[in-house]
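Line order of the protein sequences matches chains C and G. The first sequence begins at 534 in the working numbering and counts up one residue at a time. The second sequence begins at 13 in the working numbering and counts up one residue at a time.
These are calculated hints, taken from the structure and not from any lab test. Errors might be hidden in some of the hints.
So the derived list for chain G, only partly shown, Cβ under 8 Å to chain C, looks like this [stated by the list, open to error]: (1) S14; (2) P26; (3) D47; (4) L108.
The calculated lysine-lysine pairs, modelled on DSSO-like cross-linking and capped at a C-alpha distance of 30 Å, are [what the hints assert, rightly or not]: (5) K620/C to K58/G; (6) K620/C to K546/C; (7) K58/G to K552/C; (8) K620/C to K576/C.
We put the beta carbon where it would ideally sit given N, CA and C, even for glycine.
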Amino acid sequence: EVQLVQSGAEVKKPGESLKISCQGSGDSISSYWIAWVRQRPGKALEWMGVVYPGDSDSKYSPSFQGQVTISADDSISTVYLQWSSLKASDSAIYYCARLNGYYQTNGMDVWGQGTTVTISS
Amino acid sequence: QSVLTQPPSASGTPGQRVTISCSGISSNIESNTVDWYQQVPGTTPKLLFYSGDQRPSGVPDRFSVSQSGTSASLAISGLQSEDEADYYCAAWDASLHARVFGGGTRLTVL
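Chain C extracted, bound-state conformation (with noise of 0.2 Å):
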């Protein structure tokens, strides 16, 4: 069964980038769609896009487009989340999530344990 295992906490300040992984273990990740989240402090979960580590395709929810990256690294079975410049609106726990299946029809089985981003300056 995969587990994924997502990078540390991180702290930075407005305007820096930054770059944070999602690691699978116990089981490839290549033939799966890999979903990023995110959970604001407080509030809901919410849907940033998917990336399938088999052939990079990546997909973004419009309020995510522009300001973020995803990106696989399949030879590693990692996945990234990267920003260029963040904003303390960032600040929040963000999630990878295994898909059960084709991205739009199929549920998150699979999670990380979530990354803590504080964004302060």
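Once you've looked at the hints, dock chain G against the given chain C.
Chain G in isolation, oriented as in the chain C frame:
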């Protein structure tokens, strides 16, 4: 403002049956199946249902779902204290080309 609408809170006593609603529009719930997630505060979300009524292994059959038109609902029977959590619905939105979530419902077991 979430695309799918859920009541912010629900409550029940142990053993009771509670229902949590999720309301959408034609481009999401009416044309696609709904997922449901459970999140105990401070923990990672857990998938309860996907592709409509498909239940991952390990999810008790006390949990059930229904979906009709632009609405869906999650029912929990024989409520237990361990069911106290936030519950989220989600569905693909064909207009936004994105998966959209509800705002979440905080279930309290009294």
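Hint by hint, here is what the structure shows:
1. S14: This hint holds: S14/G lies near chain C, its Cβ roughly 6 Å from the closest one there, short of 8 Å.
2. P26: violated, 27 Å
3. D47: Holds, about 4 Å.
4. L108: It holds, given that the least Cβ distance between L108/G and chain C is near 6 Å, below 8 Å.
5. K620/C to K58/G: Status holds; Cα separation ~29 Å.
6. K620/C to K546/C: This hinted pair holds, its Cα atoms lying about 8 Å apart.
7. K58/G to K552/C: holds, 25 Å
8. K620/C to K576/C: holds, 17 Å
Hint compliance for this structure: hint 2 is the single one not met.
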